[in-house]
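Residue numbers (the working numbering), protein chains in the order written: chain A, 1 to 441; chain B, 1 to 245.
Check the hints yourself; a few may be wrong.
Claimed, not checked - Each computed DSS-like pair below joins lysine-lysine, with the alpha-carbon atoms no more than 30 Å apart:
#1 A/Lys-58 to A/Lys-139
#2 B/Lys-44 to A/Lys-58
#3 A/Lys-58 to B/Lys-222
#4 B/Lys-222 to A/Lys-8
#5 B/Lys-97 to B/Lys-242
#6 B/Lys-196 to A/Lys-8
#7 A/Lys-58 to A/Lys-8
#8 B/Lys-196 to B/Lys-242
#9 B/Lys-44 to A/Lys-139
#10 A/Lys-2 to A/Lys-33
#11 A/Lys-58 to A/Lys-33
#12 A/Lys-382 to A/Lys-8
#13 B/Lys-196 to B/Lys-241
#14 B/Lys-196 to B/Lys-216
#15 A/Lys-2 to B/Lys-196
#16 A/Lys-2 to B/Lys-222
#17 B/Lys-222 to B/Lys-242
#18 A/Lys-58 to B/Lys-196
#19 A/Lys-199 to A/Lys-33
#20 B/Lys-196 to B/Lys-222
#21 A/Lys-23 to B/Lys-44
#22 A/Lys-382 to A/Lys-58
#23 A/Lys-23 to A/Lys-2
#24 A/Lys-440 to A/Lys-139
#25 A/Lys-33 to A/Lys-23
#26 B/Lys-216 to B/Lys-170
#27 A/Lys-58 to A/Lys-2
Treat the hints as calculated values from the structure; they're not laboratory data.
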Amino acid sequence: MKLSGWGKYPVVDCRLSQPRSEKELADTVITSKSIARGNGRAYGDSALSRTNTIDMLKFNHMLSFDPTTGQLVAEAGVLLSDVIAAFLPRGWFPAVTPGTRFVSLGGMAAADVHGKNHHIDGSFGNCVDWLDVMGPDGKITRCSRTENTPLFEWSIGGMGLTGVILRIALRLRPVETGWIRQTTHVAQNLDAAIDLFEKSLDATYSVAWIDCLSTGNALGRSLVMLGEHATRAEMPVKYHATPFPSVTTQKLSVPFNLPGFCLNQYSVRAFNALYYWNGKRGDPTSYVNWNSYFYPLDSVLEWNRIYGRQGFAQFQCVLPLDSARSGLSEMLNNISESGRGSFLAVLKRFGQQHSRFSFPMEGYTLALDFPISDRSVALIRKLGQITADYGGRIYLAKDSIMDAQSVRTMDATRVDEFESLRQHNGAAQRFASAQSERLKL
Amino acid sequence: MSNGGVLILGARSDIALAVAHSYAALGHPIQLAARNVQTLQTEKEDLEIRYQVNVSLHNFDVLDLERHADVIEGLPELPEIAVCAVGVLGNQESDEKDILAAAQIMRANFEGPASILAVLANRFEQRGSGVLVGISSVAGERGRATNYIYGSAKAGFTTYLSGLRNRLAKQGVHVVTVLPGFVDTRMTEGLDLPPKLTAQPSEVAAAIVRATRRQKNTVYVKPLWAFILTAIRLIPESLFKKMNI
Numbered sequence: 001m002k003l004s005g006w007g008k009y010p011v012v013d014c015r016l017s018q019p020r021s022e023k024e025l026a027d028t029v030i031t032s033k034s035i036a037r038g039n040g041r042a043y044g045d046s047a048l049s050r051t052n053t054i055d056m057l058k059f060n061h062m063l064s065f066d067p068t069t070g071q072l073v074a075e076a077g078v079l080l081s082d083v084i085a086a087f088l089p090r091g092w093f094p095a096v097t098p099g100t101r102f103v104s105l106g107g108m109a110a111a112d113v114h115g116k117n118h119h120i121d122g123s124f125g126n127c128v129d130w131l132d133v134m135g136p137d138g139k140i141t142r143c144s145r146t147e148n149t150p151l152f153e154w155s156i157g158g159m160g161l162t163g164v165i166l167r168i169a170l171r172l173r174p175v176e177t178g179w180i181r182q183t184t185h186v187a188q189n190l191d192a193a194i195d196l197f198e199k200s201l202d203a204t205y206s207v208a209w210i211d212c213l214s215t216g217n218a219l220g221r222s223l224v225m226l227g228e229h230a231t232r233a234e235m236p237v238k239y240h241a242t243p244f245p246s247v248t249t250q251k252l253s254v255p256f257n258l259p260g261f262c263l264n265q266y267s268v269r270a271f272n273a274l275y276y277w278n279g280k281r282g283d284p285t286s287y288v289n290w291n292s293y294f295y296p297l298d299s300v301l302e303w304n305r306i307y308g309r310q311g312f313a314q315f316q317c318v319l320p321l322d323s324a325r326s327g328l329s330e331m332l333n334n335i336s337e338s339g340r341g342s343f344l345a346v347l348k349r350f351g352q353q354h355s356r357f358s359f360p361m362e363g364y365t366l367a368l369d370f371p372i373s374d375r376s377v378a379l380i381r382k383l384g385q386i387t388a389d390y391g392g393r394i395y396l397a398k399d400s401i402m403d404a405q406s407v408r409t410m411d412a413t414r415v416d417e418f419e420s421l422r423q424h425n426g427a428a429q430r431f432a433s434a435q436s437e438r439l440k441l
Numbered sequence: 001m002s003n004g005g006v007l008i009l010g011a012r013s014d015i016a017l018a019v020a021h022s023y024a025a026l027g028h029p030i031q032l033a034a035r036n037v038q039t040l041q042t043e044k045e046d047l048e049i050r051y052q053v054n055v056s057l058h059n060f061d062v063l064d065l066e067r068h069a070d071v072i073e074g075l076p077e078l079p080e081i082a083v084c085a086v087g088v089l090g091n092q093e094s095d096e097k098d099i100l101a102a103a104q105i106m107r108a109n110f111e112g113p114a115s116i117l118a119v120l121a122n123r124f125e126q127r128g129s130g131v132l133v134g135i136s137s138v139a140g141e142r143g144r145a146t147n148y149i150y151g152s153a154k155a156g157f158t159t160y161l162s163g164l165r166n167r168l169a170k171q172g173v174h175v176v177t178v179l180p181g182f183v184d185t186r187m188t189e190g191l192d193l194p195p196k197l198t199a200q201p202s203e204v205a206a207a208i209v210r211a212t213r214r215q216k217n218t219v220y221v222k223p224l225w226a227f228i229l230t231a232i233r234l235i236p237e238s239l240f241k242k243m244n245i
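Only chain B is shown next, with the shape it has when bound in the complex (with noise of 0.2 Å):
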């Protein structure tokens, strides 16, 4: 692969920052596209000091849908690699009552990202080369009730890029889904997450690379979570409902 531009889409969570590091280390180009992506200038400052690559930065708002388009036409150039990391958790409790903010989880973790990614798909396939990465959610696999808000739209981001591979396979445009399970970053601050299903951002962001590089489809950051759901989906309806995991 030739030292293409990656663009990072949600480029401020610890994930995009990572992949951000990881790809710039390898020499390629980085655009980091976020909101108030000015307030991102120490970052770009740091990875071209670091690695002596261009970074440019692209005001981008997931929710704003009319103006995905021209975020594709300001980039310096049509990038090789786009991963996107946007994701918001909200907040399950609060949620359930506000139906509007849940609406705007959903439409942040999933009709968002599917339209920026549409945008990309069409110039990729016109293109007939290039990779997209979907940052997707182990809670997509199955709907419970402390995250199915969040779940759902995941679920339908997964189910949308598997959707997109399938579409692309044959013109030359490859889609890998990421299922980190839990990371280490600000999103989980305070959580007392399980360090052995727990991956650091930079483990998330070799992963990525590994799986762009080998063209792999759908890919688990930690092993065990393969297991996991493979286990959590075997469970009956009828006994999961009655579940609390």
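Just chain A, with the same shape it has in the complex (with noise of 0.2 Å):
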């Protein structure tokens, strides 16, 4: 059946197994090649195979949960929407989460998701305490970071190229509230933007939203947005009520693939600026719900669709700490001279990160995304090649454009390492994505 990932871009012909059972899965590991997909938020083809896509949404239960440490076991096709609906209400949250609460606990692994406090918290592998992974043979092997090390720290991040990920143990973070403070700030340009996250290091959260069709003195202009866990105490008493306030059923939706020309440099331009107004005119501090601060675009179910039929293709990069105010100018020139302006373009301050093929590594990230076509394929080239140039790489969950070669030239050293561990453990001739096809991992 036709499948592509969130991007709807591209669009593989695939074989598609539901296992029911660990003995199905099993079954279904060992006769073809396979790889795990969980609710098909990456963006490009990382969990697509024409011989074998692993539907694993029926892997869904809870198993276990503690709350005096806040770990809770649970299957791989556990959706953190599900977690967060089951578990804020008594005071705890994801302690990493992505921008959207629709993905799989088992696609949050494999693709080590970061969220805005990766400053601080890293990675979602850091609240992970061990996996039970279906290697190659159809046997589960429980890994940590003291037991079977190796197949933890290549799973984490590893795109689901060593194995099945079924079971999960992840440490969830108690809050007070289900409330974020919020403060704006406006940058001036890219520096001035760079400058704030230096400043705020401290800050639990923060996240820049990047006006990319802005130029010269204001290249890079940008809100940057600061947010804490709010405490019961300061909260406004008009929220006292709902210290917990829960998802509104949802009615926004894009009910269908918008036309491509509705996105063009004009309406994006045109949507940029006010968002930039906006943010600066408003008050700098806010209490905002955690949906709205963290998932903004879930509120708006299948917003993939403003992309038209053809799809979209996301860019995500890191460039490491000394190297990133020259290589993010250079990448924020060549968007701003293609006109392609970016609907969405963020920019975030990664902290350290100790993992062996997880996407972050000390510096900054930019992701982007862009309506399918030539002239966007070549500019997500392009920055790519910029990428290599300043030592910086991409963000695998999010790409569906690169080639092998520019990989390999971003990472020889991981990708080396990768290939021969899923050599020597048979992972090689058994896992493979139509991504890992295409860029030979």
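Both chains come to you apart, so use the hints to assemble them.
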């Protein structure tokens, strides 16, 4: 059946299997070259396999919860939205969350996702205590920082290429409320934005939204948004009745694929300018509920349809701290010149990261998306080139465009080690995605 | 409605589990009844962790009529709502030749569900409150060559439910008949179903919760089914017998 990632590009004709038990899962793993798929939120082809795409959503049970430590053990197909629905009312929130709550826990571990608190709490892997991984022989191995360590370290961020992640033990963070105290700062240009990030390293959450079409002295002008979990005591009285607001019924949804011409440089420019001025005018401090703060796009179900039927491509890179300013300027110049304004451009400071194959490194990450076209693809390749030049790397969970050579240029040592591990334990013969084949991982 | 218990008969099916999630999310204690019920331990723990409600497991074989009264006696409390999700599709082609197998299908879809609901109906009537929900099938609305064994049993069950409703209406007990149409479940896995007529188990569950709250009598999950069935019923038999639908 025809499947794609969240970006609706590429569309691949995949054989889909939907196992319901460990035995059915093992049977399908040992008979064909496979990749596990969670809720399909990777943007490109990370969770697509022509020969066997394994739908993991039937493995969706929560298995145990320890209220003294906040450790939740759950099957990989459980969605983060379910975790929040179950535990936020009890005062627990994911320690690390990506920008959508409609991800599976297995997908979160496989992509080692990050959130707005990476500079403090690191990536998702940091709050994972152990994993159960089904290997190429259909056997399940429990791995952690102390047990079967290599399998654990390479599976976090390993894009499902070390085996099928079946169960996860993760730690949640205690919170007093479901509200975030947000402060918004205006940065006139990229330098100012980076200065703001560097000054705000003790803020729990930080992220910047960049107007990609600004040029010259205003290149990289942005809104830098900082956030803290609000305590009960500080909450305005009007919120006391709802310390843990629930998601209201979602009515907004993009009902069909919009025609491609709806998004062009003029509409994006207008939107960006509006967003920027709106942010500049408003009260700098406000209380925002968890859902609008962390998952603004989730409230528009199927927002990926705004890019039309042909889909869109994401580009996300990270540049090391010392080359970030110059590298990002070069990228923004290229984007601005191309006039292919990204609808969403997000800048974020990463903290230190110690992991084998995960995306983050200490520095700055820039995320953009573009409607698919030859010119966008050329621009993304160019941005990939700049990433490599400045010693950065790209995020596999977003990628659908790069080629094997560029990824190897960015990440030769890690790719080689990953390859030899996969050869050594037989994973290379059993696990592959359309992406891993494209990138020769 | 207070948070009375919800009994789910035939609890292993996808629809049954979706119903369990919907009611547990509203804070109702859940009673799961099925054969080899200990294999539902993971489902029990999942429900308890997610919704912090009590979930109890009860062995229940729909074909073992003699034990049905005991099953109900063995519940921690007489439930407020009982949902019968028992159903076996069978294999029409082979069951046509195997009369005993066909009889089993009829018993599992009609006789057994009717029996357990009879026990519950009497207890609910005595108490003067409660809701019985029977999941029947659009297949019971007209006999078709491709599924009349299953369909005729469901027709019996639908009629039984409507009779119960008539009997209990004056006793404070309400009966809901659910006709889900196609549902994306293990039962229909591998069948090529039209997406517009196919519901997810969670939609069926939501429809059941809604119908129970609003005291609806017969509900279709996808409204289009009501039109289709009206049209199918209107086809004269002389024509219908020659059709392949």
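Verification of the hints:
no.: 1; hint: A/Lys-58 to A/Lys-139; in the structure: holds, 19 Å
no.: 2; hint: B/Lys-44 to A/Lys-58; in the structure: holds, 16 Å
no.: 3; hint: A/Lys-58 to B/Lys-222; in the structure: holds, 23 Å
no.: 4; hint: B/Lys-222 to A/Lys-8; in the structure: holds, 28 Å
no.: 5; hint: B/Lys-97 to B/Lys-242; in the structure: holds, 22 Å
no.: 6; hint: B/Lys-196 to A/Lys-8; in the structure: holds, 22 Å
no.: 7; hint: A/Lys-58 to A/Lys-8; in the structure: holds, 23 Å
no.: 8; hint: B/Lys-196 to B/Lys-242; in the structure: holds, 26 Å
no.: 9; hint: B/Lys-44 to A/Lys-139; in the structure: holds, 26 Å
no.: 10; hint: A/Lys-2 to A/Lys-33; in the structure: holds, 18 Å
no.: 11; hint: A/Lys-58 to A/Lys-33; in the structure: holds, 20 Å
no.: 12; hint: A/Lys-382 to A/Lys-8; in the structure: holds, 22 Å
no.: 13; hint: B/Lys-196 to B/Lys-241; in the structure: holds, 26 Å
no.: 14; hint: B/Lys-196 to B/Lys-216; in the structure: holds, 23 Å
no.: 15; hint: A/Lys-2 to B/Lys-196; in the structure: holds, 18 Å
no.: 16; hint: A/Lys-2 to B/Lys-222; in the structure: holds, 25 Å
no.: 17; hint: B/Lys-222 to B/Lys-242; in the structure: holds, 28 Å
no.: 18; hint: A/Lys-58 to B/Lys-196; in the structure: holds, 22 Å
no.: 19; hint: A/Lys-199 to A/Lys-33; in the structure: violated, 48 Å
no.: 20; hint: B/Lys-196 to B/Lys-222; in the structure: holds, 8 Å
no.: 21; hint: A/Lys-23 to B/Lys-44; in the structure: holds, 21 Å
no.: 22; hint: A/Lys-382 to A/Lys-58; in the structure: violated, 40 Å
no.: 23; hint: A/Lys-23 to A/Lys-2; in the structure: holds, 26 Å
no.: 24; hint: A/Lys-440 to A/Lys-139; in the structure: holds, 25 Å
no.: 25; hint: A/Lys-33 to A/Lys-23; in the structure: holds, 17 Å
no.: 26; hint: B/Lys-216 to B/Lys-170; in the structure: holds, 15 Å
no.: 27; hint: A/Lys-58 to A/Lys-2; in the structure: holds, 20 Å
Against the hints set out earlier in the document, violations occur for numbers 19, 22.
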